[in-house]
Every structure is written in C-alpha cells, then in structure tokens.
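Asker: Protein chains in written order, with our numbering: chain A, 1 to 111; chain B, 112 to 362.
You may find that some hints are simply not true.
[Unchecked claim] From the structure, some residues in chain A lie toward chain B, with a derived Cβ separation under 10 Å:
hint, residue
1, 3
2, 9
3, 26
4, 27
5, 29
6, 39
7, 78
8, 82
[Claimed, not checked] Ranges of calculated distance between the beta carbons of each label pair, as one might list FRET restraints:
hint, chain 1, residue 1, chain 2, residue 2, range
9, B, 305, A, 108, 42 to 52 Å
10, A, 49, B, 307, 29 to 39 Å
11, B, 246, A, 102, 44 to 54 Å
12, A, 54, B, 307, 32 to 42 Å
13, A, 102, B, 307, 20 to 30 Å
14, B, 266, A, 76, 51 to 61 Å
15, B, 327, A, 73, 18 to 28 Å
16, A, 16, B, 245, 44 to 54 Å
17, B, 247, A, 76, 25 to 35 Å
18, B, 232, A, 54, 57 to 67 Å
19, B, 246, A, 108, 41 to 51 Å
20, B, 246, A, 33, 11 to 21 Å
Hint data in this document are derived by calculation from the structure and do not stem from the laboratory. Bear in mind that the values here come from a model prediction, so they are computed numbers and not experimental data. Here a beta-carbon is modelled for each residue, glycine too, at the ideal position from N, C-alpha and C.
For reference, the chains in residue letters:
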Amino acid sequence: MAQLSKKIKLYAAANGVANIDFRSDVMLQDDGDGVVYIKEWNLDIAEPTVEQIASYETAGNAAEANNVIDATRRTEYLSLDKQMEMIYKDQKNGTTTFKDHCDKVRSDNPK
Amino acid sequence: MSSIVKVDTIQENTSANGITVDGLNIKDSKLVTANSVVASNITADAINATKIADSSIENEHLNVLAITGHTAETSIADGDTILIHDASASALRKMTKANFVSGIGGTNTPSFLARANTNQTINDATSTQIVFGTEYYDTANGFASNTYTIPSGQAGKYHLYFYIDAYDAGDSLVRLIGSLYKNGSTAMESTSFFSEVNNRVFSSGSIVLDLSAGDTLKIHGYLDTADGSTSAAVGDSSEAHTYFGGYKLIE
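Extracted from the complex, chain A is given alone in its bound form (with noise of 0.2 Å):
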C-alpha cells in the first residue's frame, strides 16, 4: 500500500502544488496504531477526499518502486571517487568501463 505522503504528494502535482512540507503544509499523523491520516491540511487547494486519496494507490506504488529502484541504482553505481576511476581509464585507454557499467545497473534495475 503506497504511503499517504506520496498519494497526497500526487494528489497535489495533479493540482499545480509541486512541493509540499510535510511539517507546515500538510500534517500527517499516526497515533501509534499504525493508522495514518491528515491531522492539518494548510494548503490552497482543497484536502483531498478518502475516494481522491485511494486513487492514487496504483501510481502511489509505482512510484515508490521507481524510488526503491532509484536508491538500489545509486548504490549499485558505486561511489565518486570509483565511477571517476572508470571515467579516468576509459579515457586514458579508450575503453568503455564506465557506460557499460551504468548500462548493466540500468538493466539489473529496470523501471
């Protein structure tokens, strides 16, 4: 089940409000029973109702896969200072390291 923060984060894209705080805009709350709702709704556009919130489930949870996929690809991308060393040696030798190492994290990882 996709998170109430990124259904209601789509559900404002959808009506012009690209970025939203979460400690100002809109105050989501848990009450230690695991049951999240929207405790304070600051922004312009109208809260939205339990029917607009479930409609966003599907792109909610797709959205929260490419997410996963997007950290397990930095990860797997290695750090800097390793994908400079790719960069450095294809360069110095002509070879082509580094995009067949994106290439094959893309691929692993695919959206």
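Could you slot chain B onto chain A? The hints should help.
Answerer: For chain B alone, coordinates are given in the frame of chain A:
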C-alpha cells in the same frame, strides 16, 4: 562586751519588720536581705532539676560543653534522636534520625521509564506516536497507553527525557524529529537532519517542565526518507533503544 544570746525564739518587735542580725533580715520565715545567699557557700550539686523552674534555662546559661562535653558518636541509627526547635509550637522537640532524613531528603518520585519492545513502522513524513510496550518502572501508575499522565496530587517540576533509535533497511533516512507532546501539543523537539542518506539515526532530548496533575505526555517521531519508504523506531525485547522516562524533582 562579748556575749552569747541563747533563746528558743526571737520574735520581731515591730510588726512587719522581722528581725535583723548583722544586717541579715529574717522575716516571715525567709531571708529577705538582697544577695544574702553567697553562691560559693552552696554545697556542690546541691541544686537539682526539681529546684529549677520549668522552661527557664536559656541559651546564655549554656556553654559549648552542653554539646562537646558528651561522648562522641560516629554513626547514627534510624531510631536515634536529635533536638530541634519546632517553630510552629515554639517548643523544643525530639526527632528520630529516620524522620529527620526523610524530611530533608525527599525522593524523586513519581518516576517512570518505558521502552519500545519491538520495531514500530514509521510512515514517511508522518508524526507518529511512539509505542512503548515495556515498563521498567512506574512508581505512581501514571503510564498507560503509551502516555504518561501526571498523577493526582503530584504537580511540580519534572525532568523528562527520551531517545528514538531509527532504522531504515533502504538506507534512505535523511531527517528524524523527536517530539515531546504535552496535552496534545509539541512541548519540545529534537531534530537530526542529514545531508546524506543513512541507515541508522537517532534523536534524543530532555527538558524540565512545570506540570499539573492530569497533564499528558507522549513522544512522537517524524521520519523523512529520501525514497519515501517506511522506516522504523527500533524496539528490543531486552535492551533500551527507544525509550521515554521522567521523574519529579525535589523542590
């Protein structure tokens, strides 16, 4: 002329004058001449407690030997007594060591400490009340449903403290805010903000608040993850990772 008068009774000649012998006036069965009793002529230890009026010995008649002259003690038992001045009664009173120490020492109670005993899922960008499943102690039974309520008759200043240990398997934690809620509103916040993503972060805080009976206290955790995923407040069945405690100050 030198002579000795030997009679059984000498009576005054003039009414109410008594009789005078070498300046010492005796009247109505008493010596009445001022300073007629010389202290050095009183037999040592002849004046006992029954001859001293009740509540009549003042500080100026005591010297340091009233204390230093006694046998020294090197320890004190609970039932041993000391002498105090009871201001309200304007009287000297004795008090046992146990009562005296109790009166001046006090205890830091009520007190409580609870910990999370299992991991709690924290949704991204959501202020989440932390669940504390295990109590270490709760002297006044004020802790219930993850909330501490100041017990009746226990208003005062309390030292409160908390620690939130947060974990994200996806290594994407970027912010953790631990908050102490008083009566449903934030009373203090402790923010940990990171420029890079993390696997494990913590937030801790402590504060002294002046609280009234019935005030409620809760801990909330707010976690941001770079990938928008859930994370966790770490709990453990035997160790304190995420905990909340407090105790009343002695005032």
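Asker: If you test the structure against every hint from before, which numbers come out violated?
Answerer: 7, 8, 9, 15, 17 and 18
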